[in-house]
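Colleague: Residue numbers (the numbering used here), protein chains in the order written: chain X, 1 to 404; chain F, 1001 to 1404.
It should be emphasised that the hints constitute simulated quantities derived from the structure, not laboratory data.
Mixed in with the good hints, there may be bad ones.
Stated by the list, open to error - Output of the computed footprint for chain F on chain X, the stretches with three or more beta carbons under 8 Å from beta carbons of chain F:
1. 56-64
2. 253-259
3. 277-285
Claimed, not checked - Keeping only pairs whose Cα atoms sit at most 35 Å apart, straight-line, the calculated DSBU-like set for lysine-lysine is:
4. X:LYS3 to F:LYS1003
5. X:LYS210 to F:LYS1003
6. F:LYS1393 to F:LYS1329
7. F:LYS1393 to X:LYS395
Using N, Cα and C, we set each Cβ at its ideal position, and we do this for glycine too.
Okay, here's what each chain looks like letter by letter:
Number of protein chains: 2
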Amino acid sequence: MVKINSDYTLLRSSYLFSTIAGKVKEYEQNNPDANIIRLGIGDVTRPLTGTIIDSLHKAVDEMASESTFRGYAPDLGYEFLRSAIARNDYELRGCDISADEIFVSDGAKSDSGNIQEIFSKDCRVAVCDPVYPVYVDTNVMAGRAGTYDEESGKWSNIIYMPCTRETGFLPEIPSETPDIIYLCFPNNPSGSTMTKSRLQEWVDYAVRNKAIIIFDAAYESYIRNEDVPHSIYECEGARECAIELRSFSKNAGFTGVRLGFTVIPKTLSVDGVTLHSLWARRHGTKYNGAPYIVQRAGEAVYSEEGKKEIRGLVDYYMNNATYILNGLKAAGYEVSGGVNAPYIWLKTPKGMSSWEYFDYLLKNASVVGTPGSGFGPSGEGYFRLTAFGDADKTKEAVDRIVNM
Amino acid sequence: MVKINSDYTLLRSSYLFSTIAGKVKEYEQNNPDANIIRLGIGDVTRPLTGTIIDSLHKAVDEMASESTFRGYAPDLGYEFLRSAIARNDYELRGCDISADEIFVSDGAKSDSGNIQEIFSKDCRVAVCDPVYPVYVDTNVMAGRAGTYDEESGKWSNIIYMPCTRETGFLPEIPSETPDIIYLCFPNNPSGSTMTKSRLQEWVDYAVRNKAIIIFDAAYESYIRNEDVPHSIYECEGARECAIELRSFSKNAGFTGVRLGFTVIPKTLSVDGVTLHSLWARRHGTKYNGAPYIVQRAGEAVYSEEGKKEIRGLVDYYMNNATYILNGLKAAGYEVSGGVNAPYIWLKTPKGMSSWEYFDYLLKNASVVGTPGSGFGPSGEGYFRLTAFGDADKTKEAVDRIVNM
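Turn these sequences into a full structure, and let the hints steer you where they fit.
Modeller: Dropping the structure here:
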């Protein structure tokens, strides 16, 4: 008789954003005239830029002709894209990463969910708290999280590293030693960043303890400050301890196009086995590559014109971030993030819980944000707004919040 | 200290097609003038058809404008595509499958590799032998296969169902009762098919034993005979025991476009938990949807014009299949498949092993096929040729083989 994976049944109710979607839908039904502004989910709103569109059309045309048609892509991605990534994201930043250490994929969500699979079920996982829910949920599904404690909102086998006002929204070295450490900087949800020297401490710690850092750099294009590293490979020793995840979603607006990549240096070994070989095996066995036309669009992101356009997109969103940040600050909110990141993290006023503030904001301003508690217990009392909205709507949302 | 997933290290050398690619590369280097014809890997060669190309261009243009830009897709796929699938692939064939039982994905390889994840590690898996390697390898990676026996070429915990000349290339009910049964018909690699009454026996067996059938119908568009079911849901009771996997790769030529779907009826429960809810959770947590433009291309496959074009593509490849089948038969080869399937399965001549025949064919005809033994121990002594090549080249390949 067949049995299900019982670890799946441990998962807590439904995914954060599904819950939000449900609440918003209900509000819409009860308030059909409400002009809702969504600053909740981290989805972009600007269309793809001209260079990207041109590259997509061109690649589509190639698929129409026998001589230029492309079937199955190379397992790990097309050379033209991997080379462009290696050159622009790594070589130009002084990072020693080569094209054959890059695995092209359909996005950072898949990669951040699947990457845990190459590790033993016994590994202890450490996450920032609050944290992008996918890291925790996928470890629950793999049976690595232990049991859930309703009271604390924590899993018994997960090491939580609180990132609160008191820690400057950065994790501190935990008292228990983890085997796998998820770090996402610029951070989702708090918008906090780590300086290079601070990240170097984590790299040193991981090397010393033979732990692996899974570094999610999905928001690196929002970095403005010189001392904030764009890649963990800017730190010495990272080739011996770190995997890096990257996305085209938040720089080039590919949330609906789907493209990302994972970097695993060939020098990263555990018990004599390279993690590169394990991930290559997973890629080759359970995945069949990102679409050719999408990989061509990814290549266009690195063209001179493409880079300019992408900077324009990022600037557009960062203007929103600045408006939100300044507006809320002026109104007396305690806010952080929003400087090197598209997320603004605010302390809920009047001692409201995160979900209370969610309901309050929806009811009084018709604005949708994300409750901090949805990202982990230390997110309670905080709230996330994103800068990915339309500029005019974002301004209106801030004005509504301020005058609420 | 971090540890790797030791189940990954159990995997046998590299994936079949990588080995073939290596051998072909070596042959090319040693014989730079050889005009190699590839009838090995199941990749298509015809370009995308006009309707598909138009739909892609149109969707790309939508991504260029703020008002029609699409970000994150709905978790389980766009309604327009799921409805087209439900209507055309199921309703029109009298199958009771609704749009919300369909999960759109980036292809059948991902789905067939990932689907095992929702089941317990204790489940016993049965596969046809020979078989598409992904079913076995992904169960090895999940720790479900036991240990490998070099002598027999079998995993201790996998139930092998030999499909040989003696069984008409169809599986027979195994003596041990499996929990999960992988069936792929029309079959890869042998090109054999199951009649509806024969498939009904498997459905009855699964229902009786509370087993799950994972039915891979990636090749259904090649079916010509009336008594061969296109979907397992044509059988009574399948809603209580079967998951179906589908692909756009082999009908519409999407091997490089990447689109597929999985059907899980909401009536399919194990211990009171619907498999639909588990797969929805996996989809929502580890995946972020197929690209909008690709889902629009999938929709176009179901337009009237699209359907005509797809039939043209399939006919093109089936003409190849007929040519290969008849040519080899006339030359005295023992061949099967190739009637309702794009694969031709031949008995290697002169008692050669599968790999001996691979080398022999490459050396004497510069033709690349796939050794049957690469698909499992009962594939030894057989060889697969595919009909996905260019028509002229396919003819030349057959002529070379016949005159070898």
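Colleague: Are the hints correct? Go through all of them and say.
Modeller: Now the hints, each set against the structure:
With 6 residues having a Cβ less than 8 Å from any Cβ of chain F, the segment 56-64 of chain X passes the three-residue criterion, so the hint holds. Residues of the segment 253-259 of chain X lying with their CB closer than 8 Å to a CB of chain F number 5, which satisfies the three-residue condition for coverage. Only when three residues or more bring their CB closer than 8 Å to a CB of chain F does the claim for the segment 277-285 of chain X stand; here the count is 5, and the claim holds. In summary, the hint linking LYS3 (chain X) to LYS1003 (chain F) is supported, as the alpha carbons are separated by about 27 Å, within the 35 Å threshold.
Distance restraint check for LYS210 (chain X) and LYS1003 (chain F): the Cα-Cα separation of roughly 9 Å lies within the 35 Å cut-off, and the hinted pair is therefore satisfied. Taking the CA atoms of LYS1393 (chain F) and LYS1329 (chain F), the gap is near 19 Å; set against the 35 Å cutoff, the hint holds. For the hint linking LYS1393 (chain F) to LYS395 (chain X), the alpha-carbon distance of about 62 Å lies beyond 35 Å, and the restraint is violated.
Taken one by one, the earlier hints fail for this structure only at number 7.
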